[in-house]
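The residues making up each chain are set out below.
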Amino acid sequence: MRVLALIVMLLMFSKNLVANEQIVLGLSQDEVAITANFDGSKILLFGAIQRDAPQPDGKMGVIITIAGPSKPIAVRKKEKRFGIWVNNQTVEVDAAPSFYAVATSAPFTEIVSDVEDLRNKISVERAIRSVGAPMHIQDSQSFTEAVIRIRKDQKLYQLLENEIVVDQSTLFRTSVDMPANLTEGDYFTRIFLTRDGKIVSQFDTIIDVKKVGLERFLFNLSRENPLIYGLLSLAIAIIAGWVASSFFRYIRHT
Amino acid sequence: MAALAIDLCTIIKLSGTMQIYLPIAEVSVNAFLLLGLGGFVGILSGMFGVGGGFLMTPLLFFIGIPPAVAVATEANQIVASSFSGALAHLRRRTVDLKMGAVLLSGGLIGATIGLYIFNYLKSVGQVDLLVKLCYVIFLGIIGSLMFIESLNAIRRAKSNENVINRTNRHKGLVHTLPLKMRFKTSGLYISAIPPFAVGIFVGILSAIMGVGGGFIMVPAMIYILGMPTKVVVGTSLFQIIFVTGFATLLHATTNYTVDIALAVLLLIGGVIGAQIGTQIGSKMRAEQLRILLSVLVLLVCLKLATDLLIQPSELFSLGTIGN
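Chains A and B, in that order, are what the protein sequence lines are. Our numbering numbers the first residue of the first sequence as 2 and each following residue consecutively. Our numbering numbers the first residue of the second sequence as 57 and each following residue consecutively.
If you are wondering where the hints come from, they were derived from the structure by calculation, not from laboratory data. Among the hints, a few may not be true.
[Stated by the list, open to error] Just some of the chain B residues that point at chain A, by a computed CB distance under 10 Å:
hint, residue
1, Val83
2, Val135
3, Phe203
4, Ile204
5, Ser206
6, Thr310
7, Ile332
[To be verified] With a cut-off of at most 20 Å between alpha-carbon atoms, the simulated PhoX-like pairs for lysine-lysine come out as follows:
hint, chain 1, residue 1, chain 2, residue 2
8, B, Lys154, B, Lys236
9, A, Lys79, B, Lys188
10, A, Lys81, B, Lys188
C-beta atoms are modelled at their ideal positions from N, C-alpha and C, and glycine is treated no differently.
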């Protein structure tokens with residue numbers, strides 16, 4: 002795990018919702034730098050609930066979501082044709098985040114109502130948007146389920162129920178492991194405070210995941226000057242081949 | 057292959073250190089694993105005169121490199137290992153440059169045609185299946201032919217009848233077609249059309265399958281053109297340099313899928329392996345070399361065939377839309 006370098010306290014208050022309870026959040030880091038030896042990152046999220054009045058009644062819940070950049074994906078299903086397994090049906094999922102983690106302070110369904118989940122797209126299932134499969138495909142639901150299943154296996158989608166620790170109904174903290182196969186982009190982070198399943202306060206921030214140093218340079222070069230990049234890779238290959246050949250000849254002759 | 061796969065799994069899990077994040081592939085992998093894979097395939101490359109792509113590309117899929125990146129980067133890595141191997145052969149004068157040039161001219165044309173076929177199939181959405189079927193069919197045919205032939209050759213060598221076999225091979229189409237050329241290094245006087253056609257054919261296949269094509273080129277040179285085995289390996293490596301170099305540039309400029317970091321790690325292992333492989337190869341008899349290669353080819357073929365025939369544990373797969 003990367004050592005957390007920077008502790009940034011973000012003291013911004015959410016703008017609206019119920020005024021007497023508000024979230025104050027801190028992040029161990031608000032950016033993840035992908036270096037050459039990057040192998041994942043642990044992000045600590047901690048915060049407090051600020052109150053103007055005594056704590057209201059009702060079961061309190063804290064939910065944190067982190068969503069990577071969304072991209073459309075093609076989900077293909079294999080079927081047996083002429084004795085071999087081939088990709089047969091394809092369903093396009095319009096937008097699925099490349100990474101999605103949901104952490105909660107209690108079982109998910111106990112602290113957020115279905116209506117709020119639908120409205121804010123909190124759960125993993127709701128975070129994936131699919132406009133609809135072609136008519137001839139039955140059971141299109143299984144395709145979206147496959148996206149979740151495959152990405153959960155890769156630790157790209159995480160449901161961390163009961164992972165948020167809440168102290169004295171005021172302080173909360175959790176940590177989210179981000180895997181090594183992250184894609185670059187803005188990771189949209191939301192913190193919800195709920196009372197009896199209703200969202201009473203929301204706080205949004207962004208974690209910036211980006212390549213730095215050599216990784217940045219090579220990536221940019223490959224996109225902006227592909228010919229130079231291609232020639233560079235060829236040159237490296239030729240030189241490496243020549244060096245190895247000369248080196249071994251030298252060894253053999255001495 | 058299954059045992060190898062399990063080994064790789066444990067290696068990945070055990071060595072938590074020396075992880076490297078690949079900038080284009082956007083995955084984190086173990087650097088030593090890549091060095092080891094490069095070395096292993098490099099040895100085979102030097103021994104048999106194959107680029108090793110037909111082995112490395114599936115291995116890269118297996119350790120989680122996206123297929124598009126694996127194919128493109130593998131082309132780049134083959135340039136290094138085949139260049140290293142070809143230099144060793146050039147010094148020992150076991151490269152038929154004239155034959156190489158004829159094969160290459162066909163190869164470049166073939167690679168361009170192959171790329172068009174590849175892109176067409178990509179738009180239809182069945183490119184994975186076709187690539188795998190190509191592997192199974194060609195590896196199967198070539199592997200079995202080489203295996204049977206090498207067995208016969210070994211048996212003949214034991215009963216001292218191999219002289220007859222040599223003279224028989226020098227007849228057929230290669231002598232009846234026009235445009236005859238003299239290939240001094242190979243000791244052949246044959247038509248230039250068959251080698252040119254072989255070049256085109258292998259070029260097409262190498263673009264579709266994302267390999268150098270040595271495993272097709274080597275047997276084609278031995279059995280169709282009748283070239284001596286000693287010259288075949290060097291000449292094959294020589295023309296693979298250019299065909300894969302061409303493919304690398306095409307991939308880098310159209311699909312942006314060449315990963316330099318991945319290529320460097322693979323080729324460090326690869327070039328060293330190729331040198332060791334050339335040494336081993338020069339000490340072994342041609343029939344033994346061919347029978348080993350044919351067993352290897354058949355193993356890879358079997359693995360790919362079972363993947364197609366047995367129901368996969370995950371029926372669904374995720375892909376990107378468009379580019």
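key: Evaluation of the interface hint that places Ser206 of chain B against chain A, nearest CB under 10 Å   = At about 28 Å, which exceeds the 10 Å cut-off, the nearest Cβ of chain A leaves the hint on Ser206 of chain B violated.
Evaluation of the interface hint that places Ile204 of chain B against chain A, nearest CB under 10 Å = Ile204 of chain B check fails; min Cβ-Cβ to chain A is 26 Å, beyond 10 Å.
Per-residue hint verdict: Val83 of chain B, partner chain A, C-beta under 10 Å = Result: holds, 5 Å to nearest chain A Cβ.
ask   = Measuring from the C-beta of Phe203 of chain B to each C-beta in chain A, is the shortest one below 10 Å?
value = violated, 24 Å
request  = Have a go at the Ile332 of chain B hint: is there a Cβ in chain A nearer than 10 Å to its own Cβ?
outcome  = holds, 8 Å
ask   = CA of Lys154 of chain B to CA of Lys236 of chain B, is that 20 Å or under?
value = holds, 13 Å
inquiry  = Does the closest beta carbon of chain A sit nearer than 10 Å to the beta carbon of Val135 of chain B?
reply    = Status holds, d = 4 Å.
task = Have a go at the Thr310 of chain B hint: is there a Cβ in chain A nearer than 10 Å to its own Cβ?
result = Since the shortest Cβ distance to chain A is 8 Å, the answer is holds.
Given hint Lys188 of chain B paired with Lys79 of chain A - CA-CA distance at most 20 Å = holds, 14 Å
ask   = Is the straight-line distance between the alpha-carbon of Lys81 of chain A and that of Lys188 of chain B 20 Å or less?
value = holds, 15 Å
When held up to the earlier numbered hints, the structure conflicts with 3, 4, 5 and fits the remainder.
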